[in-house]
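Novice: Fit chain C to the known structure of chain L by using the hints.
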Amino acid sequence: MTWGNVETLVKIGEVIEASGSQFVAQCYKLHQPPPLGSLVKTKEGSIEIYGVVFNAETHSLEPGRRPIARGSEEPGGEDVFQANPQLAKLLTTDFGALVVGYREGGELCHYLPPRPACIHSFVYLCPLEEVEDFSHSLDFLPLLVETNLPMPVDEVIAACFRYFSQAHADRRTFLVKAGKELALLLGGELKRLNSILRKLK
Amino acid sequence: MISQNFGDENRLGIVVSGSLTKGVEVKLDPGISVEDMVVGRYVTIEGEKRHFFGTITEVSLEAIDPKIAVAPPDISDPFIAEVIAGTTVYGKLRVLPHLTLGSDATSILEGPQPVKTVPAHFSVVKLASPRDVELVFGSEDERQFYIGTPLDMETKVCLDVKKFVERSNGVFGKSGTGKTFLTRLLLIGILQKQAAVSLVFDMHSEYGWEGQDERGHKVKGLKQLFQSRVAIFSLDEESSRRRRVNTDFIVKIGYDEIEPEDIELLRQTLNLTEASVQAIYQLAREFGERRWLERLLDLKDEEETKQLVSKLNIHESTYRNLRRGMENLRRFPFLVPQAPDNSVRRILEYLDRGINVILEFGRYEDYAAYILVANLLTRRIHTRYREKMERAMGEDLARPRPLVITIEEAHRFLNPELSAQTIFGLIAREMRKYNVTLLVIDQRPSAIDEEVISQLGTKITCLLDNERDIDNVLTGVPGKSELKVVLSKLETKQQALIFGHAVPMPVVIKTREYGSAESYREFVSPRLADRGQRLETDDLWG
Numbered sequence: 134m135t136w137g138n139v140e141t142l143v144k145i146g147e148v149i150e151a152s153g154s155q156f157v158a159q160c161y162k163l164h165q166p167p168p169l170g171s172l173v174k175t176k177e178g179s180i181e182i183y184g185v186v187f188n189a190e191t192h193s194l195e196p197g198r199r200p201i202a203r204g205s206e207e208p209g210g211e212d213v214f215q216a217n218p219q220l221a222k223l224l225t226t227d228f229g230a231l232v233v234g235y236r237e238g239g240e241l242c243h244y245l246p247p248r249p250a251c252i253h254s255f256v257y258l259c260p261l262e263e264v265e266d267f268s269h270s271l272d273f274l275p276l277l278v279e280t281n282l283p284m285p286v287d288e289v290i291a292a293c294f295r296y297f298s299q300a301h302a303d304r305r306t307f308l309v310k311a312g313k314e315l316a317l318l319l320g321g322e323l324k325r326l327n328s329i330l331r332k333l334k
Numbered sequence: 332m333i334s335q336n337f338g339d340e341n342r343l344g345i346v347v348s349g350s351l352t353k354g355v356e357v358k359l360d361p362g363i364s365v366e367d368m369v370v371g372r373y374v375t376i377e378g379e380k381r382h383f384f385g386t387i388t389e390v391s392l393e394a395i396d397p398k399i400a401v402a403p404p405d406i407s408d409p410f411i412a413e414v415i416a417g418t419t420v421y422g423k424l425r426v427l428p429h430l431t432l433g434s435d436a437t438s439i440l441e442g443p444q445p446v447k448t449v450p451a452h453f454s455v456v457k458l459a460s461p462r463d464v465e466l467v468f469g470s471e472d473e474r475q476f477y478i479g480t481p482l483d484m485e486t487k488v489c490l491d492v493k494k495f496v497e498r499s500n501g502v503f504g505k506s507g508t509g510k511t512f513l514t515r516l517l518l519i520g521i522l523q524k525q526a527a528v529s530l531v532f533d534m535h536s537e538y539g540w541e542g543q544d545e546r547g548h549k550v551k552g553l554k555q556l557f558q559s560r561v562a563i564f565s566l567d568e569e570s571s572r573r574r575r576v577n578t579d580f581i582v583k584i585g586y587d588e589i590e591p592e593d594i595e596l597l598r599q600t601l602n603l604t605e606a607s608v609q610a611i612y613q614l615a616r617e618f619g620e621r622r623w624l625e626r627l628l629d630l631k632d633e634e635e636t637k638q639l640v641s642k643l644n645i646h647e648s649t650y651r652n653l654r655r656g657m658e659n660l661r662r663f664p665f666l667v668p669q670a671p672d673n674s675v676r677r678i679l680e681y682l683d684r685g686i687n688v689i690l691e692f693g694r695y696e697d698y699a700a701y702i703l704v705a706n707l708l709t710r711r712i713h714t715r716y717r718e719k720m721e722r723a724m725g726e727d728l729a730r731p732r733p734l735v736i737t738i739e740e741a742h743r744f745l746n747p748e749l750s751a752q753t754i755f756g757l758i759a760r761e762m763r764k765y766n767v768t769l770l771v772i773d774q775r776p777s778a779i780d781e782e783v784i785s786q787l788g789t790k791i792t793c794l795l796d797n798e799r800d801i802d803n804v805l806t807g808v809p810g811k812s813e814l815k816v817v818l819s820k821l822e823t824k825q826q827a828l829i830f831g832h833a834v835p836m837p838v839v840i841k842t843r844e845y846g847s848a849e850s851y852r853e854f855v856s857p858r859l860a861d862r863g864q865r866l867e868t869d870d871l872w873g
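Heads up: the protein sequence lines correspond to chains L and C, in order.
Using my numbering, the first residue of the first sequence is number 134, and each one after it goes up by one.
Using my numbering, the first residue of the second sequence is number 332, and each one after it goes up by one.
If you are wondering where the hints come from, they were derived from the structure by calculation, not from laboratory data.
Computed from a prediction, not measured in an experiment: that's the story for all the values here.
Among the clues, some could well be false.
When the alpha-carbon atoms are kept at most 20 Å apart in a straight line, the in silico DMTMM-like pairs for lysine to aspartate or glutamate are as follows [claimed, not checked]:
(1) C/K841 to C/D367
(2) C/K494 to C/E761
(3) L/K324 to L/D287
(4) C/K811 to C/E781
(5) C/K398 to L/E322
(6) L/K310 to C/D339
(7) L/K332 to C/E389
(8) L/K332 to C/E340
(9) L/K324 to C/D683
(10) C/K380 to C/E441
(11) L/K334 to C/D367
(12) C/K583 to C/E605
(13) L/K324 to C/E377
(14) L/K310 to C/D672
(15) C/K398 to C/E413
(16) L/K324 to C/E393
(17) L/K310 to C/E340
(18) C/K815 to C/D796
(19) L/K334 to C/D408
(20) L/K310 to C/D360
(21) L/K310 to C/E473
(22) C/K719 to C/D683
(23) L/K324 to C/D405
(24) C/K820 to C/E389
(25) L/K176 to L/E147
(26) L/K162 to L/E150
(27) C/K820 to C/D796
(28) C/K423 to C/E465
(29) C/K447 to C/D339
(30) L/K176 to L/E150
(31) L/K162 to L/E237
(32) L/K334 to C/D405
(33) L/K324 to C/E633
(34) L/K332 to C/E473
(35) C/K358 to C/E389
(36) L/K310 to C/D405
(37) L/K334 to L/D287
Isolated chain L, as found in the complex (with noise of 0.2 Å):
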């Protein structure tokens, strides 16, 4: 089943860097790149691959040119944008996914695709009934476990967990199923088992 007409999904970036594992997007607003732990999808010919997304930042677009504080005479932060406005064209936000799955011909794969998403590909936010479908099956749940990320991974594991929840009518039920999960994969990590289950309230 696929979900939703692309066209009515609502896009919220474009891949700008991709492997199989991950896939980095530039959001097309400034400063609102969707939230930790929620599901994506960008589409490569007849795949959809799903990320979940680990990371945001906001840099300025130029590597060379750092940002300088403006706001010394302004009221509020906001008033610095308006009193600036080239500074909107000036900075992005990009944020980073790691592939938990893919789409193809209507089949839910919880695995890596065949070939990484391309670049310049849109990226949507799934909706919660296509988070739902998705995370039926925790099966992705090892490529979140055993990556290797610039931040905590098990708080994106966390945060994976609670966005996930909301999309399902029983979310305690759902939380102790993922729960059980992770138990049985981090088996001799008991205290970071133990972290990861206290955020998940």
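Specialist: The following block gives chain C in isolation, referenced to the frame of chain L:
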């Protein structure tokens, strides 16, 4: 994987390791509480090619990571507790498979067979359904007697009474654990299925007319339930009259019926020395087997005594010891110089007519009376049965009815010192061939000769907690150490472990109710399973 659908509500878990001798280990599914698992419970395992039936023999708590014991998770949070249960920590069972049933047509026809292998890895383990129990233990019919229910189940566990009486059997258990009730049930089973006739040496007069339960309520004995098929013989007319028991016969034993062998068994009870026993044989040679006791007891004249003692070359202290012992016998009013009727013949007459005989001892509850009478009567009956059986074999006549002799305090007869001499030892060993078997009841099985114990066909044991008793009862049983755990964890009342010849596999039962009007009705006219509706083995695989 957790996400897999377990579906079946009876499912407990999967087999993860194990061996044939020690049983298989079963990892409990998350969501199954270890506290619901009890040893002795009956489970089925669905192997790849065959079904296995077994019992839980051990329950344990396990953890993926041993460190969890040092730094336990925060289980005050119910969410964390729920996640941890069954994953990081889980319950484990040890299940001892006893029987197996193949899935091909021949195996189904043959029924459950003793297990010779173990189920494959990750076979699904389920609580046995009533249908499984029925498949193994059958349903109540003309052979099968409903004796109790498995733990936590409403199904009937049946005992094959025809098989039961083929061999000698034992009922064991600490005092107060329900041996008498169980024995009464077994006797009713034998009566109801007409598998044999019983001769009960009823030391405490609790089988024949009525007995008492723990709370002091009266319960009906066999005679009240099966009027025409039970006869009460009594050694103590007065006691029977006081208890308003209708006796069929008052047993008197003449001095002339007591043979030296009968006294030999009482050596310890009457405190006789070895020399005294020898002297008895000398007396018997001197006066004849039928008259020696009477002559000895009549001997009053000192001169005469001296002559006799010197003639037989008996030491005087031996004579005094012997005399004192024999005087003890005089206090039993049922011993008379000349019996008005032949008790042995009477008992045999009744037994031949298919009437069960219960011999009440009334006030004579001491061991001397019990051992003397039980042994004396049984020896004579044994001889007659043997003759009849030999004649039947030689002349192709109908064989005598199978006879089950019930004795209490069996260790008094069957301890290692005496079992070679008493008739009971002989019956336990070989009388099966002559259609006579024993039902021994005892609270100290360790005091019974191991050789006798090992010959018992079916053993039914209530709670035992003495290590030696347990060991002795379980001598030679496969899975002994596992059954040991089960046995020592039985409840003190109404629970028993049955294993051996008459049941296909060891099973713990809650004994059938005894004492209500409904139970009496069921004993007298049981509702037998309609054969047309009996379980088909195919259903199991359907």
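Novice: Each hint needs a verdict: does it hold in this structure or not?
Specialist: Going through the hints against the structure:
For the suggested pair C/K841 and C/D367, the alpha carbons sit about 17 Å apart, so the restraint of at most 20 Å is met. For the proposed pair C/K494 and C/E761, the alpha carbon gap of about 16 Å is at most 20 Å, so the pair holds. Proximity of L/K324 to L/D287 is assessed by CA-CA distance (about 11 Å); at most 20 Å being required, the pair is judged to hold. Distance hint between C/K811 and C/E781 is fulfilled; the C-alpha atoms sit about 15 Å from each other, no more than 20 Å.
A hinted pair counts as satisfied when its Cα atoms are at most 20 Å apart, and C/K398 with L/E322 qualifies at roughly 10 Å. Pair hint L/K310 plus C/D339 holds up; C-alpha atoms about 18 Å apart against a cutoff of 20 Å. For the hint linking L/K332 to C/E389, the alpha-carbon distance of about 37 Å lies beyond 20 Å, and the restraint is violated. A distance of roughly 32 Å separates the Cα atoms of L/K332 and C/E340; the hinted pair therefore is violated under the 20 Å criterion.
A threshold of 20 Å between alpha carbons decides the hint, and for L/K324 with C/D683 the separation of about 79 Å lies outside it, so the pair is violated. Restraint check for C/K380 and C/E441: satisfied, since their Cα atoms lie roughly 16 Å apart, inside the 20 Å limit. This hinted pair does not check out: L/K334 and C/D367 have alpha carbons roughly 30 Å apart, beyond 20 Å. Restraint check: the Cα-Cα separation between C/K583 and C/E605 comes to about 28 Å, which exceeds 20 Å; the hinted pair is violated.
Of the supplied pair hints, the one linking L/K324 and C/E377 is violated, its CA atoms being roughly 37 Å apart against a limit of 20 Å. With a C-alpha separation of about 82 Å, the suggested pairing of L/K310 with C/D672 is violated against the 20 Å cut-off. Distance restraint check for C/K398 and C/E413: the Cα-Cα separation of roughly 19 Å lies within the 20 Å cut-off, and the hinted pair is therefore satisfied. Taking the CA atoms of L/K324 and C/E393, the gap is near 18 Å; set against the 20 Å cutoff, the hint holds.
About 18 Å separates the Cα atoms of L/K310 and C/E340, which keeps this hinted pair within 20 Å; it holds. Among the hinted pairs, C/K815 with C/D796 is consistent with the structure: their alpha-carbon atoms are about 10 Å apart, no more than 20 Å. Taken as a hint, the L/K334 and C/D408 pair is honoured in the structure, with Cα atoms around 10 Å apart against an allowance of 20 Å. Distance check on the hinted pair: L/K310 and C/D360 sit about 13 Å apart at the alpha-carbon level, within 20 Å; holds.
As the CA atoms of L/K310 and C/E473 are separated by approximately 52 Å, the hinted pair breaks the 20 Å bound. Annotation: proposed proximity of C/K719 to C/D683 holds, straight-line Cα distance about 11 Å (limit 20 Å). Under the criterion of a C-alpha separation no larger than 20 Å, the hint pairing L/K324 with C/D405 is consistent with the structure, at around 11 Å. Restraint check for C/K820 and C/E389: the C-alpha separation of about 11 Å stays at or below 20 Å, so the hint holds.
With a C-alpha separation of about 11 Å, the suggested pair L/K176 and L/E147 falls inside the 20 Å cut-off, and the hint holds. Restraint check for L/K162 and L/E150: satisfied, since their Cα atoms lie roughly 18 Å apart, inside the 20 Å limit. At most 20 Å may separate the alpha-carbon atoms for a hinted pair to count; C/K820 and C/D796 meet this at roughly 9 Å. Restraint check for C/K423 and C/E465: not satisfied, since their Cα atoms lie roughly 27 Å apart, outside the 20 Å limit.
For the hint pairing C/K447 with C/D339, the CA-to-CA distance comes to about 27 Å; that exceeds 20 Å, so the pair is violated. Under the criterion of a C-alpha separation no larger than 20 Å, the hint pairing L/K176 with L/E150 is consistent with the structure, at around 14 Å. Proximity of L/K162 to L/E237 is assessed by CA-CA distance (about 29 Å); at most 20 Å being required, the pair is judged violated. Distance check on the hinted pair: L/K334 and C/D405 sit about 14 Å apart at the alpha-carbon level, within 20 Å; holds.
A threshold of 20 Å between alpha carbons decides the hint, and for L/K324 with C/E633 the separation of about 97 Å lies outside it, so the pair is violated. Annotation: proposed proximity of L/K332 to C/E473 is violated, straight-line Cα distance about 65 Å (limit 20 Å). Proposed proximity of C/K358 and C/E389 is supported: the alpha carbons are some 12 Å apart, at most 20 Å. This hinted pair checks out: L/K310 and C/D405 have alpha carbons roughly 18 Å apart, not beyond 20 Å.
The straight-line distance between the Cα atoms of L/K334 and L/D287 is roughly 15 Å, inside the 20 Å bound, and the hint therefore holds.
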